Amino acid sequence: GAVVSQHPSWVICKSGTSVKIECRSLDFQATTMFWYRQFPKQSLMLMATSNEGSKATYEQGVEKDKFLINHASLTLSTLTVTSAHPEDSSFYICSARDLRGPDTEAFFGQGTRLTVV
Amino acid sequence: DAKTTQPTSMDCAEGRAANLPCNHSTISGNEYVYWYRQIHSQGPQYIIHGLKNNETNEMASLIITEDRKSSTLILPHATLRDTAVYYCIVRVAGGNQGGKLIFGQGTELSVKP
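Heads up: the sequence lines are chains A and B, in that order. The opening position of the first sequence corresponds to residue 1320 in this note's numbering, with each subsequent residue numbered one higher. The opening position of the second sequence corresponds to residue 11 in this note's numbering, with each subsequent residue numbered one higher.
Honestly, I wouldn't trust all of these hints.
Calculated pairs, EDC-like style, for lysine to aspartate or glutamate (alpha carbon to alpha carbon, straight line, at most 16 Å) [what the hints assert, rightly or not]:
no., chain 1, residue 1, chain 2, residue 2
1, A, K1360, B, E118
2, B, K110, A, D1417
3, B, K122, B, E24
4, B, K13, B, E41
5, B, K62, B, E76
6, B, K122, B, D92
7, B, K62, B, D92
8, B, K122, B, D21
9, B, K110, A, E1378
10, A, K1333, A, D1346
11, A, K1339, A, D1384
12, B, K110, A, D1384
Partner residues aside, some chain B positions facing chain A, computed with beta carbon under 10 Å [unchecked claim]:
no., residue
13, C22
14, P54
15, Y56
16, H59
17, V95
18, L111
19, G114
20, G116
These are computed hints drawn from the structure, not numbers from a lab. Since we're looking at a predicted model, the values are computed, not measured. Ideal placement from N, C-alpha and C gives every residue a C-beta, glycine not left out.
Hey, can you work out the whole structure from these sequences and the hints?
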């Protein structure tokens, strides 16, 4: 299947700083990327949907000013956690899909484990 | 998107078939059934999807009942590496619906030696 790469795989940051997570589709062009968050022992929770060249659509309860999403090209989306706090510590996962063709699958990155200390 | 119901956990002996059920009684006519799995601390992996016909690929088989209100994912010869959380998701295929995948709680499958 297609490859989606996330970077970094894990990051530790100090409270109050910002962290950027990258999501790249390596062998296809992703018109749409999705960002999820997963807490221990819980399922994935969709945070936002981003389409290339337009503003992201956030799910209810997700602060758009805290979780900045940029999808500037068909192969790259970034999630920036601004002014991170310990409660933002979580596993962040991106997913990418090309919606231009016939129904295609959504492929997932390997995830980024964020720890805020 | 329709809601799905799955057992919280299941055990399976290594080498035997693992049958994972999913109820989706409110599924609409244009909604597909998708299965993904997530191995601990990794991103989800696509397994299979179908609309109304049974489907088979190199990983698994998907059996959908005639009324489409439930389905079963079959791993024909489970190995220890199949230990994971398995998610059954129903969604509308195609671009207009945005392609969002909404995950439920899934079934935690433990394959034991």
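Hint check:
no.: 1; hint: A:K1360 with B:E118; in the structure: 11 Å, holds
no.: 2; hint: B:K110 with A:D1417; in the structure: 12 Å, holds
no.: 3; hint: B:K122 with B:E24; in the structure: 6 Å, holds
no.: 4; hint: B:K13 with B:E41; in the structure: 11 Å, holds
no.: 5; hint: B:K62 with B:E76; in the structure: 7 Å, holds
no.: 6; hint: B:K122 with B:D92; in the structure: 10 Å, holds
no.: 7; hint: B:K62 with B:D92; in the structure: 25 Å, violated
no.: 8; hint: B:K122 with B:D21; in the structure: 7 Å, holds
no.: 9; hint: B:K110 with A:E1378; in the structure: 11 Å, holds
no.: 10; hint: A:K1333 with A:D1346; in the structure: 34 Å, violated
no.: 11; hint: A:K1339 with A:D1384; in the structure: 14 Å, holds
no.: 12; hint: B:K110 with A:D1384; in the structure: 22 Å, violated
no.: 13; hint: C22; in the structure: 21 Å, violated
no.: 14; hint: P54; in the structure: 5 Å, holds
no.: 15; hint: Y56; in the structure: 5 Å, holds
no.: 16; hint: H59; in the structure: 8 Å, holds
no.: 17; hint: V95; in the structure: 8 Å, holds
no.: 18; hint: L111; in the structure: 6 Å, holds
no.: 19; hint: G114; in the structure: 6 Å, holds
no.: 20; hint: G116; in the structure: 6 Å, holds
Violated hints for the displayed structure, listed by number in ascending order: 7, 10, 12, 13.
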